[in-house]
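Participant: Sequence:
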Amino acid sequence: MVLTQTQKEVLDKANEGYSMVLLGQSGTGKSFLIKEISKQLKKEGKNVSVTASTGIASLNVNGQTIHSWSGIKDGRFSNQELEDKLNKNERYIQYKQNILSTDCLIIDEISMISKKIFEQIESICRKILKNDKLFGDIQVIVVGDFFQLPPVPDHLKNDAGEYCFKSSIFQQLFQHKFILTKVVRQTQPDFIQAINDIARGELQTETEQLLNRLRRPLPPGPEPIRLCARNFDCYIFNTTKLMDLPGDYTVYNSIDEGQISKLDKSPVTNLKIGCPVMLLKNLNEKLVNGLRGIVSSLSSKCVTINFTGLNGEILTANLKAETFLVFSYNENKVIASRQQIPICLAYSITIHKAQGLTLQRVDVDASNIFATGQLGVAIGRATEKKGLRVIGFKRSLVLKHEDSLYKFYDTSNNNEFDNSVNLTCCNIKSNNTEGNSEDPNENSDVDDELSDFSDGEIEEIDFLLSKDHDITDEPCEPDQELFVDLKEIEALCPDLNAHQQIR
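Under UniProt numbering, the residue at position 158 of the sequence shown is numbered 158, and the numbers go up by one with no gaps.
Some hints could be false.
[Stated by the list, open to error] List time: in silico SDA-like cross-link candidates among lysine to any residue, alpha-carbon distance up to 25 Å:
hint: 1; residue 1: K385; residue 2: P222
hint: 2; residue 1: K166; residue 2: S404
hint: 3; residue 1: K35; residue 2: L359
hint: 4; residue 1: K286; residue 2: K333
hint: 5; residue 1: K130; residue 2: Q171
hint: 6; residue 1: K13; residue 2: I93
hint: 7; residue 1: K272; residue 2: T239
hint: 8; residue 1: K96; residue 2: D137
hint: 9; residue 1: K133; residue 2: I93
hint: 10; residue 1: K400; residue 2: K127
hint: 11; residue 1: K320; residue 2: L359
hint: 12; residue 1: K96; residue 2: N62
hint: 13; residue 1: K166; residue 2: D197
hint: 14; residue 1: K130; residue 2: V152
hint: 15; residue 1: K400; residue 2: S367
hint: 16; residue 1: K333; residue 2: N62
[To be verified] Ranges between beta-carbon positions, derived for each pair:
hint: 17; residue 1: Q97; residue 2: T4; range: 16 to 22 Å
hint: 18; residue 1: Q94; residue 2: V2; range: 37 to 43 Å
hint: 19; residue 1: D12; residue 2: G392; range: 42 to 48 Å
Keep in mind that the hints were calculated from the coordinates and are not lab data.
Just so it is clear, CB atoms sit at the ideal spot from N, CA and C, and this is done for glycine as well.
Work out the full structure, taking the sequences as your base and the hints as a guide.
Facilitator: Spelled out as structure tokens, the structure:
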């Protein structure tokens with residue numbers, strides 16, 4: 001791949017030790033550039049930690065989730081609690097070592113990292129390294145597209161889902177920003193323009209005409225995946241498609257404890273051999289949350305799935321029930337528990353789940369778009385027009401972003417660098433790095449739309465679990481739960497009914 005002038009400048013400044021923001025829409029070669037930066041810095045003898053906000057994104061850049069790298073996990077701990085764990089808890093030694101050994105930290109899909117999580121990562125790096133400079137003087141390169149989906153609010157952990165660029169730490173650290181403008185994934189100019197328009201919440205006449213033409217059926221080929229805005233729409237489509245698939249159902253019932261109304265997944269999973277599914281948990285560096293596969297066999301206690309890795313390799317996994325928890329930051333305890341197979345049907349998935357994926361054939365249902373960035377993310381998953389169908393589109397679905405986002409991009413012009421500065425602009429000392437969370441209910445309307453169906457109100461059973469058990473290595477996404485190891489929960493809480501109810 002031939003580097004553009006901007007990409008060359010990014011590589012040069014990365015080699016010189018600058019912290020920076022690298023922005024660009026889908027298909028502009030951000031992942032390629034991350035790998036090039038990592039390769040060049042390693043040649044210079046630097047230890048580079050490549051991370052991302054989600055499992056799929058980390059797989060795409062040969063890294064790990066930032067939550068796993070730093071030890072923050074799902075963000076339930078306060079800064080002081082996390083510091084204590086990294087310094088005193090043997091199970092957190094690896095996370096501490098990650099921080100101590102890192103010269104350059106790269107974070108991909110930065111738009112999904114909230115202000116709260118970003119500030120916590122900075123705080124723990126500074127404290128572990130015992131260095132008052134931001135991030136403890138680690139070179140930090142963040143990559144992404146803020147015109148995609150914003151962070152998901154997590155009210156149980158007092159996370160309002162604010163953009164991380166609103167943090168004073170972000171503004172102090174990143175004096176240098178680059179914007180990649182040349183799209184390398186798609187080669188059709190009108191398609192590129194359409195993605196740009198929709199991503200920015202703008203709609204030109206030519207783009208509207210193109211989207212209207214894309215209502216036509218796709219040419220014959222493999223069945224496309226459908227992207228929907230709401231979980232409800234996915235549920236209806238998945239259920240209908242599963243009914244049409246020949247064969248018998250195998251029904252997997254969950255076992256639930258605690259405040260059942262807080263659990264956001266259906267307690268019943270119906271599967272057939274041959275149905276497509278999506279993984280809802282990071283199992284290892286290859287089997288990550290968001291990976292799709294086909295069910296090859298079913299038994300009362302196990303589901304065998306052939307997953308397709310990002311490089312096309314087939315990864316076979318035998319999955320059993322896992323236990324996921326819902327933790328309340330305010331109550332400082334686990335308030336609900338569910339045991340279930342960590343997969344969902346994937347004839348259709350939400351647009352939030354699709355962020356970071358590249359799809360050859362995709363059917364976008366735009367009829368219930370409700371959040372900024374959704375439509376742009378959905379359209380941008382396609383590699384070209386011939387593999388994309390858009391139904392339910394109308395002008396009113398192209399939503400404007402908040403003013404602060406446009407202002408951020410308007411001031412994010414490619415910077416001229418003065419090499420005489422000796423990087424002091426990137427080595428600012430911390431002032432108030434703890435940050436103040438704003439009203440966690442600020443984005444409650446979006447959060448409510450992302451929720452799945454309630455299981456109904458039942459008697460609340462309060463049970464306490466130690467906060468020292470393993471936690472998922474990325475935060476809860478709109479249609480994702482917090483899965484942890486079942487055996488560990490049984491050991492921590494022997495009186496918890498730990499038998500699967502699968503029939």
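Participant: If a hint holds in the structure, say so; if it does not, say that too.
Facilitator: Structure-based check of all given hints:
no., hint, result
1, K385 <-> P222, "holds, 16 Å"
2, K166 <-> S404, "holds, 8 Å"
3, K35 <-> L359, "holds, 21 Å"
4, K286 <-> K333, "violated, 31 Å"
5, K130 <-> Q171, "holds, 22 Å"
6, K13 <-> I93, "violated, 32 Å"
7, K272 <-> T239, "holds, 11 Å"
8, K96 <-> D137, "holds, 15 Å"
9, K133 <-> I93, "holds, 23 Å"
10, K400 <-> K127, "violated, 39 Å"
11, K320 <-> L359, "violated, 28 Å"
12, K96 <-> N62, "holds, 21 Å"
13, K166 <-> D197, "holds, 24 Å"
14, K130 <-> V152, "violated, 31 Å"
15, K400 <-> S367, "holds, 17 Å"
16, K333 <-> N62, "violated, 34 Å"
17, Q97 <-> T4: 16 to 22 Å, "violated, 36 Å"
18, Q94 <-> V2: 37 to 43 Å, "holds, 39 Å"
19, D12 <-> G392: 42 to 48 Å, "holds, 45 Å"
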